[in-house]
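Please arrange chain B on chain A, whose structure you already have, making use of the hints.
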Amino acid sequence: MYWKEFIHQCSEIGIGSLGIVVIISIFMGAVSTVQTAYQLVSPLIPLTVIAQVVRDTVILEFAPTLVCIVLAGVVGSKIASELGNMRVSEQIDALEIMGINTKTYLVLPKIIAALVVIPMLVVIAGVLGIWGGRLAGTMTNIIPASTFDQGLLDAFSPYNVVFALYKAYSFAFIISSIPAYFGYYVKGGALEIGRASTKAVVISCIMILFADYILAALLL
Amino acid sequence: MIEVKNIKKSFADKVVIEDVSATMKAGQCNLIIGTSGSGKTVLMKCMVGLFEPDEGEVLYSGESFTRMNRNDKTEIRKQIGMLFQGSALFDSLTVQENVMFPLNMFTPWPVKKKLERVNEVLNRVNLKDTNKKFPAELSGGMKKRVGIARAIVLNPKYLFCDEPNSGLDPQTSLVIDKLIREITLEYNITTVVNTHDMNSVMEVGNYILYMYQGKKEWEGSNKEIIFSKNQRLNEFIFASEFLKDAKEMRMLEETGRMPNDRNIDDMIK
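Those sequence lines, one after another, are chains A and B. Numbering of the first sequence is given in our numbering, commencing with residue 1 and proceeding in unit increments. Numbering of the second sequence is given in our numbering, commencing with residue 1 and proceeding in unit increments.
Worth flagging that the hints you see were computed from the coordinates, not collected in a lab. Possibly wrong hints are sitting among the right ones.
As the list claims (entries may be wrong) - Among the chain A residues that face chain B by a calculated CB cut under 8 angstroms, a handful are:
| id | residue |
| --- | --- |
| 1 | ASP93 |
| 2 | ILE100 |
| 3 | ASP149 |
Claimed, not checked - Here are some of the chain B residues that sit facing chain A, going by a computed Cβ distance under 7 angstroms:
| id | residue |
| --- | --- |
| 4 | LEU50 |
| 5 | GLY62 |
| 6 | MET82 |
| 7 | PHE84 |
| 8 | PHE90 |
| 9 | ARG117 |
| 10 | GLY141 |
Cβ coordinates follow ideal geometry from the N, Cα and C atoms, glycine included.
Chain A extracted, bound-state conformation (with noise of 0.2 angstroms):
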């Protein structure tokens, strides 16, 4: 195991993410407590379970599930294009030649490092998005913020938490495992680079999906 590689793609994926994540995380949870609230029109239903709506939903899929697919973008398309271009510009024999397993170098890192950090992002987006709920909450005064704090602590269940996490390490090992697979074995020039790319985002995307919903019907 490389370690300073190891550490270098931890800074890639997860200071490289943390901005993006941030801004999402906030959006999305005050995004889904202004509609929760829209759609919550009977007055026999207490503010309080707009928080509980907001919390679970942003544990349970907006942070593990909405926060990978755009990851998968943003280091998906990052170590496929790294890798491709990297073996179009014959790097890769380089290292070969040197006698170093560039799969060990290049491809593991990249995905202890995902597994890593990304599970890390995920509760950071987590906490975000529920503060960012809280927040268009109290602003726009459609539920103050000790109900919005009380909202938070009913019928709070902390297998979401681990529910969570189990979807944040199974999309980050896809984030990262089929980027690096079409980048490290691309053939050709820059515009396979490009297709490459592309085509390893959408695959990715499609198996977070489909990893959602396994995991769904199999844990909860």
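Below, chain B without anything else, positioned relative to chain A:
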């Protein structure tokens, strides 16, 4: 010494190399020449293990590289340096980091010693004050020289150069040829150069293997090549009138008389 024995390599139904055998002389410049698509690069990639030959084997100092396990192959590869056609420098690393890369991977040296070695080889390839530059900031000839510096930084026993002069002007090509020849002698490296540059053939070719449509067509030295009667080789090497004249001048130098009873005055005109 590198021996190639009855190498055959196909891609799908297309046979690219057919039953090629050759012996690359130790401590000398060995050239593989031929037209585009003749199988030169594939042969070189079979020699360094980037392609597995379908049949035949490659031997390094008598040991079969083709039949070695992965660990033994890795040990041989640590003795190999390679200059790629496009230089294959790591874009995100500076010149210094590119050259230091093999040292970081395979030596336990302190940074200071690595830096000294990097500067030594960069000076050897006549590149000074480029340590902090990135490959994108270098000219084609400079990239090739950085590629050579990276290839020799671990003191390899074998140096492979895939078309070292491609994309370079004639003057820079001469510099690269001279550098490869000097490094071969200075470090006693067995060098294999894949080229179709005529100057390289005449200047650095201690042993020349001419390939035609995936087969060995001719082999010999740069002294013998001008006397060769092989028609395909002559059509390839001495394709233009200028090169034909150059060949005759070289023959005059070697034998003291003009071939085919031609008059030297006619040539000068």
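Structure-based check of each hint:
1. ASP93: OK, holds: ASP93 of chain A within 8 angstroms of chain B, min 6 angstroms.
2. ILE100: 6 angstroms, holds
3. ASP149: Where the cut-off is 8 angstroms and the nearest Cβ of chain B is about 46 angstroms from ASP149 of chain A, the hint is violated.
4. LEU50: 6 angstroms, holds
5. GLY62: Since the shortest Cβ distance to chain A is 20 angstroms, the answer is violated.
6. MET82: MET82 of chain B check passes; min Cβ-Cβ to chain A is 5 angstroms, inside 7 angstroms.
7. PHE84: Hint holds; PHE84 of chain B Cβ to chain A Cβ min 5 angstroms, cut 7 angstroms.
8. PHE90: 6 angstroms, holds
9. ARG117: Cβ of ARG117 of chain B sits 15 angstroms from chain A, so the hint is violated.
10. GLY141: 18 angstroms, violated
Comparing the model with each earlier hint shows violations of hints 3, 5, 9 and 10; every other hint is respected.
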